[in-house]
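Chains as they are written, first to last, in the numbering used here: chain A, 1 to 595; chain B, 596 to 753.
Read the hints as simulated data drawn from the structure, not as lab findings. Glycine residues also receive a C-beta, built at the ideal position from the N, C-alpha and C atoms. Careful, some of the hints might be misleading.
From the structure, some residues in chain B lie toward chain A, with a derived Cβ separation under 7 Å [to be verified]: (1) Gly607; (2) Phe652; (3) Tyr653; (4) Trp655; (5) Gly671; (6) Thr672; (7) His681; (8) Val692; (9) Ala709; (10) Cys710; (11) Gly712; (12) Cys714; (13) Val726; (14) Arg729; (15) Lys733; (16) Asp734.
Listed below are the simulated PhoX-like cross-link pairs for lysine-lysine, each with C-alpha atoms no more than 25 Å apart in a straight line [unchecked claim]: (17) A:Lys112 to A:Lys146; (18) B:Lys733 to B:Lys693; (19) A:Lys243 to B:Lys598; (20) A:Lys455 to B:Lys745; (21) A:Lys177 to A:Lys34; (22) A:Lys555 to B:Lys691; (23) A:Lys243 to B:Lys663; (24) A:Lys243 to A:Lys390; (25) A:Lys568 to B:Lys733; (26) B:Lys615 to B:Lys691; (27) B:Lys737 to A:Lys555; (28) A:Lys548 to A:Lys487; (29) A:Lys390 to A:Lys527; (30) A:Lys345 to A:Lys114; (31) A:Lys34 to A:Lys345; (32) A:Lys555 to A:Lys567; (33) A:Lys450 to B:Lys733; (34) B:Lys693 to B:Lys598; (35) B:Lys615 to A:Lys450; (36) B:Lys733 to A:Lys567; (37) B:Lys663 to B:Lys598; (38) A:Lys568 to A:Lys555; (39) B:Lys733 to A:Lys593; (40) B:Lys615 to B:Lys598.
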Amino acid sequence: MSSHNGNSHWRIAVGLGSCGVAAGAQALYDQLAKRAAPARVTLEKTGCAGLCHREPMLELYSPEGERWTYVHLDSAGIDQILDEHVGRNQPVDHYLLSGADRAEGVRRFLGKQKRIVLENCGQLNPESLEAYLAVAGYQGMSKALKEMTPAQVITAITASGLRGRGGAGFPTGVKWKFCSEAAGDRKYIICNGDEGDPGAFMDRGVMESDPHRVLEGMVIGAYAIGASQGFVYVRAEYPLAVKLMGRAIEQARAAGFLGERIVGTSFSFDIEIREGAGAFVCGEETALILSIEGERGMPRMRPPFPAQRGLWGCPTIINNVETFANLPWILRHGAEAFAALGTAKSKGTKVFSLAGKIRHGGLVEVPMGITLREILEDIGGGSSTGRPIKAVQTGGPSGGCIPAELFDTRIDYEELNRLGAIMGSGGMIVLDDTACMVDFARYFLSFTSKESCGKCAPCRLGTQRLLEILTRITEGNGTENDLQTLKEFAVSVQATSLCGLGQTAPNPVLTTMRYYMDEYEAHVRDKKCPAHSCRALLTYSIEEEACKGCTLCAKACPVQAITGEPKKPHVLDYTRCIRCGSCLDVCRSDAVKTE
Amino acid sequence: MSKVADIVARCGTGRDACIKILQEIQVAYGYLPAEALRYVTEQSRISLRQIYGVATFYEWFRFQPVGKHIIRTCHGTACHVNGARHTTREVQNILKVKDRETTPDGLFTLESVACLGCCSLAPVMMIGSDVFGRLAPKDMRKIINEYKRKNQPEAKQP
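Construct all of the structure, not just a fragment, from the sequences and the given hints.
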């Protein structure tokens, strides 16, 4: 976006999403605010452009409207940009995103993406309603409210083929139709921003970078089903999202986009924010409803579905942040334009958060039907460690691992299910060959067993038993019998749990067993971890040539198995070693070896 | 109790205000003091039973005061594959506390959390509101010492 403000000002927009701030962007923004002369430079905030791997970054717009992107900034870089680029019109090459390599990287990062949900992310100031209005903001909503009946809106969304982006992929239009037909004067609409999957951060990105878009989507949905009150449920770990969504609600209310008689029509609707309090299970819709009611978030049986009986017993629609963020675009461009993207049954785009051992991590939005290989290699730039990518895990703790042999699979809801994984919220964690798949399954079960609400026995006890078996195997105490039990347990937890948490918790076990049985077998039969990751199965030694005798390892060893004089190579006594790996953690000269 | 009275006045007295009230009390006091909770039950339709149920269900709430700096070590998937276990264990070794414990000097409370959402900086740790990314076990002592130094008496002089 090159809408500059017409005078001779330079304009600097600093990316202040959570990942930018985590990389130090706030300090740089403060430095700019202190140093930049307001007469020459206008300073602005933007959200996350999705290029998390290049944070902290800023966009500089010259008075002529030319745009320069600076990345991987530090304090010295800010001084240089102000002195050299703004001061003397000399771009600072060192931080500029234009070297041949970097430009090519960005072209590939953005080239295969199709941005609908993220179209404004990193492009506009999330604290400014005017900025959103300047990019056709609230026009989709106005069109729906002024030119269409609620039934027509539902028909359009059904025709677009949009499916819920929170995980299960239920057709949004169909769900709305159920709710609009449900009896009851009072209806509610809820935006699920309880992004609990570790490794997923697209909802946070959208709420922090383009909050009005989510509100606009909610008004469209509310009009379609006849809701008078909405709630945005945001997890408490996202304070910036809470703050920016709250500000957007106030702005929208003041401008007449929320409240009584929206944009002069007879439709009235308002939105409140509710913060979560750290319970993964509250991403499940019946649990989320209880949480808004102020209770323990324990899921209940469905049916009745919330569309019939939800919040305070009234018909309620719950959609995910990303689902709502699609709606303004669909209303503005038409259902056909959306349905033209994607595969036969999965339309439009999907945002993935790419993390783990990947070079260009961040938020990527791609048309459905793209292959995993295109996402990982073309957009993600391949492995970040130089080691081969072994697998990718989609869908968080409810999802599964997809091995490298299957990277040519086209991504849509059906294909991912066929592989035993799920689309889920869109977390995508890349693993290289140093990842042990047994340990990885154990990691997810430690998460789900802790987050199980305890209401139903299959999930409460089943996840616990699965975790115990997996822990046993990674510690070298597993037996062949365990593998059989593990599989049987996993299948029954999947089949008998009350809600989605328990029903999907075994997925990481089942997919790793399906694709990496040899690793499980190596753990139980040979007591070896092929990926050299499970510490209890490793043998440690100190390489004499590399050891500098710094004594750190000897001090760290809890059982005094390491001896040696300062500045002379140390020796590890195998017979006393308890294989905890403390020496490995503290060594600064890479002298501790494992096999 | 005037702080708590304000909170109840702001959040409402119905059962549905329970989580909101507890959140605000925790922001005000750093934890949920028993007297404050009893006071809430007198001022609202929320029972102690509901409060205890909610406060023990959600990870966010605690009944004990916390240290001056809360160290949150992220154990999201990306952090896990990038070695969060080892960095966290190093913090535990340095501070000699376990998860959700506070150091005897009251300076640090350690909490492991599910995901801070800064996955491309993994492994990540927060101390207060400062975020540290791309960590390795050997970085930890230096970072913690920095906070210890800031809290020494001479550092408090203007």
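**Request:** Please write out, lowest number first, the hints stated earlier that are contradicted by the structure.
**Result:** 1, 8, 14, 16, 17, 20, 21, 24, 26, 28, 31, 33 and 34
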